[in-house]
Structures are given as structure tokens and as C-alpha cells.
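Participant: We have chain A; now place chain B onto it with these hints.
Here is what each chain is made of, one letter per residue.
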Amino acid sequence: MTTRAPQGRTRPGAADLQVGRPGVVWALPAALFFGLFALLPMVLVLVLSFTQWSGLGSPEFVGTENWSRLLDDPVMLKSIGLSLVLTALGVVTQTPVAMLLGVWAAGHQWNRAVLSAIFFVPLLLSAAAVSVLWRAVLDPNFGVPAQMEWLFGDGNLFGNQSTAIAVLVFVSLWQFTPLHALIYQGAAKAVPPMLYEAAEIDGAGRVRSFFAITLPQLRNTMITSVILMVVGGLTTFDTVLILTNGGPGTDTTITAFYMYQKAFRGFDFGLASAIAVVLVVAATAISLVMVRLSGYDKMRSELEGV
Amino acid sequence: MSNDLSVTPTEQVSGPTTSPTSGGAPRPGATSAGVPLRRRAGRGSRNRPNWGAGVAVTIWLLIVAIPLYVLVTASFQTQAGYAAGGPLSLPTTFTLDNFTNAFDQGFGRYFLNTLVVTVAVVGIVVLLVPPLSYAIVRNRSRATTGIFRMFLLGLAVPASAVIVPIFYVISVVGLYDNLIGVILPTAAFCLPICTIILSGSMRDITNELYEAMALDGASPKRVFLQLVLPLSKGGVATIVVYSALQAWNGFLFPLILTQSESTKVITLGLFNFQTQYGVNIPGLLAAVVMSMIPILLVYLFARRALVQGLMGVGGK
Numbered sequence: 001m002t003t004r005a006p007q008g009r010t011r012p013g014a015a016d017l018q019v020g021r022p023g024v025v026w027a028l029p030a031a032l033f034f035g036l037f038a039l040l041p042m043v044l045v046l047v048l049s050f051t052q053w054s055g056l057g058s059p060e061f062v063g064t065e066n067w068s069r070l071l072d073d074p075v076m077l078k079s080i081g082l083s084l085v086l087t088a089l090g091v092v093t094q095t096p097v098a099m100l101l102g103v104w105a106a107g108h109q110w111n112r113a114v115l116s117a118i119f120f121v122p123l124l125l126s127a128a129a130v131s132v133l134w135r136a137v138l139d140p141n142f143g144v145p146a147q148m149e150w151l152f153g154d155g156n157l158f159g160n161q162s163t164a165i166a167v168l169v170f171v172s173l174w175q176f177t178p179l180h181a182l183i184y185q186g187a188a189k190a191v192p193p194m195l196y197e198a199a200e201i202d203g204a205g206r207v208r209s210f211f212a213i214t215l216p217q218l219r220n221t222m223i224t225s226v227i228l229m230v231v232g233g234l235t236t237f238d239t240v241l242i243l244t245n246g247g248p249g250t251d252t253t254i255t256a257f258y259m260y261q262k263a264f265r266g267f268d269f270g271l272a273s274a275i276a277v278v279l280v281v282a283a284t285a286i287s288l289v290m291v292r293l294s295g296y297d298k299m300r301s302e303l304e305g306v
Numbered sequence: 001m002s003n004d005l006s007v008t009p010t011e012q013v014s015g016p017t018t019s020p021t022s023g024g025a026p027r028p029g030a031t032s033a034g035v036p037l038r039r040r041a042g043r044g045s046r047n048r049p050n051w052g053a054g055v056a057v058t059i060w061l062l063i064v065a066i067p068l069y070v071l072v073t074a075s076f077q078t079q080a081g082y083a084a085g086g087p088l089s090l091p092t093t094f095t096l097d098n099f100t101n102a103f104d105q106g107f108g109r110y111f112l113n114t115l116v117v118t119v120a121v122v123g124i125v126v127l128l129v130p131p132l133s134y135a136i137v138r139n140r141s142r143a144t145t146g147i148f149r150m151f152l153l154g155l156a157v158p159a160s161a162v163i164v165p166i167f168y169v170i171s172v173v174g175l176y177d178n179l180i181g182v183i184l185p186t187a188a189f190c191l192p193i194c195t196i197i198l199s200g201s202m203r204d205i206t207n208e209l210y211e212a213m214a215l216d217g218a219s220p221k222r223v224f225l226q227l228v229l230p231l232s233k234g235g236v237a238t239i240v241v242y243s244a245l246q247a248w249n250g251f252l253f254p255l256i257l258t259q260s261e262s263t264k265v266i267t268l269g270l271f272n273f274q275t276q277y278g279v280n281i282p283g284l285l286a287a288v289v290m291s292m293i294p295i296l297l298v299y300l301f302a303r304r305a306l307v308q309g310l311m312g313v314g315g316k
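As given, the protein sequences belong to chains A and B, one line each in that order.
In terms of the UniProt record's numbering, the first sequence has 27 at position 27, counting the first letter as 1, and numbering is strictly consecutive.
In terms of the UniProt record's numbering, the second sequence has 292 at position 292, counting the first letter as 1, and numbering is strictly consecutive.
These aren't lab readings, by the way, just hints derived from the structure by calculation.
You can trust all of the hints, since none of them are fake.
From the structure, some residues in chain B lie toward chain A, with a derived Cβ separation under 8 Å:
hint, residue
1, ALA53
2, VAL70
3, PRO131
4, MET150
5, PRO185
6, THR267
7, TYR299
If you want the footprint, here are the derived chain B segments under chain A, 3+ residues with CB under 8 Å:
hint, stretch
8, 164-177
9, 273-282
Chain A is nowhere near these chain B residues, computed Cβ spacing over 12 Å in every case:
hint, residue
10, THR100
11, PRO230
12, SER262
By construction, the Cβ of each residue, glycine as well, lies at the ideal position given by its N, Cα and C atoms.
Only chain A is shown next, with the shape it has when bound in the complex (with noise of 0.2 Å):
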């Protein structure tokens, strides 16, 4: 039950406002669980990076010994740079393509809506769908690669590193666009009509109204939508399981993918817990950005409390 005073109007029954509204009590099954499943392994894992554990018994206690291990370890070094080319890369062509597709998409055409159906599929697909999917396309022996060798040489794009990092690239950009894509259409769709039609009357053409228009007014957008391929970049490495596995070698092993292996392939579940920390870290700081940038905090409706 909120204590707010009522608000300064004073129409017969305002005062019973407060009436019917729901206690702390309402939120608390979901904060626990959440508390339980999602922000207590946050914490966890910071305590875990201090600790050895194999996955059996229980972890022991082994001060930063994890932690030196780590600064001393090239591969990690170089993962963290492939892992920053990666999202950078990732960056770069996803937020042009989403974007011109988004607004492309706002438009009211019908044969906008139905290529938009189509292109959304993707989306749908879960990533080791796409993975293993994509791994077949581009096969050596039976894939496109195969059938195209004059476009793709001897065909084996996972044999180095250049390579395999253009195919996750690619791959990401293939996946991921339909979501970015649909968060610049919302966007789009809000740009008051009145905006375009002052320019036009001012002279502006397509490319003069996209500039001074739907740039600027997409901005919000536009963070929050790199800040969430930033930290989905760092993260996520199901595609480099399936798709590359690492390799070769280790020259598509990005941070993500290596903490796995610490874990799950080495049961250095302590070693791959600092892995995981420099991980969250960074996530957690590029959250707050984001919150603070997009101010989500503040989203209240303007209807709430007239």
C-alpha cells in the first residue's frame, strides 16, 4: 500500500484512490525467484573465482591464485581481443543493415509487411538451429562452398582464422539483424508523420529526411540496440561452439567460449568463475549505461497518477 499523499485534486472520492492498490507483497514470488536463479549466481560466481572446484565435492578455498593464472594466460589475452574484434565487427554491420531495414519496414506498404514476414524467420530459429544449419550450407564437401568454388576458392572457410571469423560475422549479422531491425521499426513507426512533411515542404529529399530526421530521432534507439549486440558479442559463444568449435586451433576462441571450456571440457569451474567475473563486469557496467542512457527507470506512463 503506497503512502503518496493524494494528489491536489480534490473531486469527490479521490481520497479512496489509494484504495485497491496491490502491497510489496505482489512483487515478491517473482523478485525471490529471480533473487534465487539469476542475481545469487551473480554473487556466486565472484566467490567461486576464489575457490578450485572440479565439479565434484565442494569447492576450496585458493585466494587469487585463479586470478594470476588468468593474467598469465595468452590464450585468455588473445581471446579477449578476438572477442572485441568480434563485436566490433558485429557492431558494424548489423546496426546499418537493422536500421535501414527497420525503417524500411515502418512503411505502411503491403508488400513491406509481407518481405518483413519473411525476413523475421530467422529470429524464430534458436541458435543451435541456426548453427548447425549454417554449418551445412557452408560444409566443405557438401555445402554452397563446393558448388561455388569460383567464389570461394577451396571452399574450407573454418581452415583459418580470417575466415572463420568472417562465417561467425556473417552468421551473427544473419541471426540477429530481424531483432534489431524490429526494434528500429518501433522506433521508426513513433517519428511524428508532421517532421516529414515539414521537410519536404522545406525540399528535403530521402536522404536529406533520413539525416536530419529519422537519425536524430532514432538515437535512443540506437544505443540500446548496440549496447544489446555489445553485450550479447561478449557473451554468447553457443554459435562458435557449433560452428567452429574454437578454431582452428584457437584463433576463433573468444573469452565467452573459453570460460566454457575452462568448465565444462577442463573442470576448472574456479578458473572459468574469473572468467565469467571480467564477463559480468563488463555486461553489468554496459547495463547500467544503458539504463541510465534509455532512462527505462523512468518509464511511467502519463496516464499513471493524473
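Facilitator: Below, chain B without anything else, positioned relative to chain A:
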């Protein structure tokens, strides 16, 4: 106002208010109708056919559609037929063996497991999120604001970063290799987005309606059941579809939290199939097709709910 029709690719972004004649695939009539109008003030670029957009969208359509074409045609071909023709050719053989083989490999079982996980996750989300969103929208105390902020923070904390501690928690409580162990964290990680979607749609209920109920002396429970729930049906539909999609497609938690055949879900089945029989591409892709069928059905019938929900993620 530019007079030529050969626009650069960037010009496809003519904004959301473009008229019906400037679509990606211009109709013949559009050009002739557009020419005389173009010079009139106030009509301008919005009536020109957008050739740049047409080309760009066609390229993107090919990028999206080619793998999907390979997926569908390969899954109905024999292994020999596929190897002979290559992925992009028109299919020359037809067989349903790939699908029956996938069933023999255990995909029927995986299907059932995934269904159990999906139903349970949706159940938890529908039980927890509406009361939470109701409290967030109608209770303005510090505690509720704090809880809302906690969920906002959780929104961008990716599940993959906490798989080690989640593995630890699930092992300690003895739910390793148990579907319940997969269900709980999957549902938890659905909560932030579902809460934002549903509280967004609950905010649109006008205050007058609450006042009317308050004048009747309605309890919070009655307000919730008789006013809030019926008026946020659309939002509830969205979170159902969204959490079902997340649960059905979930890969990470099953990967780290299960190991035996009896608890395998379909995404994990695909991954194992690939590592074991990677050369049998038609068989593999038939399994992928099977894993997609339920989602495609939902997409056909509840596209709106899904699209609305995902659009809400980006904020307004």
C-alpha cells in the same frame, strides 16, 4: 527535391510515412503516376518509386532465403541425391526417410522433453509476472521501484555469463540432469523482458477505471482479476509466446545442466546429431526442420503478439 529516379542505396530510408507507391518492388503504374506529381510542393520524394530500396531489399531477401531453401529442399532428398546435386540445385530425389530416421535417433523423446520444459516455463512466467507487473504499475513504494530496477538490471545480464554458478546451484540442490533444473533458470531469465512487456501494457489502463473500482471498495485482488487482467490480455499473450519461444529454443542451460538421453531437449539433440553424423546433411537438416515446426505454427497464429513483444524490448 531531386528529379532523377536513380537513387543511391541509402535513399531507401525514406521514412515511415512513404506512400504506397514507393515500395521496395515498384509497380509499373507507380512511375507514371509519380512523375507529374513530383514537382508539386508537398509530394516530392514520398511518391517516387524507391529503386535503391528495391535492390537492397532483394539482396537481403536472397541472403535470408537461400539457407532456408537449402534447409527445406535438402531435408526431403536422399543423401546420395543431395551429394550429387549440391545444396543450391533443384531437388532430383524425394524421400521422407530423413524424418523417420530423426525419430529413430530419439528426436521423438527430445521433442517431448522440450515440450515439458516449454509448458513449465510458460506456467511459471504466467504465474509470477502479472502480479509483479501489477505491483510495479500500481504500487509506488520504494521497495517496488527497487524491485523494478533489479529486473531492469537483470535484463541485460546475459545467461551465458553466469553458467558456472548456475551449474553450481543446480548441482548443490540435486537437480543436475533433471528437467526441473533446466526449467527454473530458463524461466528466471525470461522474467525481466516479460515484466517490461507486461507492465508496459498495464500502464495503458486509465486511472478512471481504477478509481471506479476503488469507489466500489474493491480489494487489490478484485481489481487485479476483474480489471487489470482482462485489459492486459494482449500483453499476457505476448509474454506467453515470448517465454515459449525462449524455452523451446533454449540451448545453453540444457547444454550445461543435462547429460543423459532421457533429459535431452531438441536443441541439444541437433548439436549432438551434428557432432556424430555431421556428413549426413539431409538427415541433419530434417532434424532442424522438425525442431522448427512448432515455432512456425505459433508464428503463423500469434505473429502479432510476438512481434509486439519483441518490439517493446527496444524501448519507445
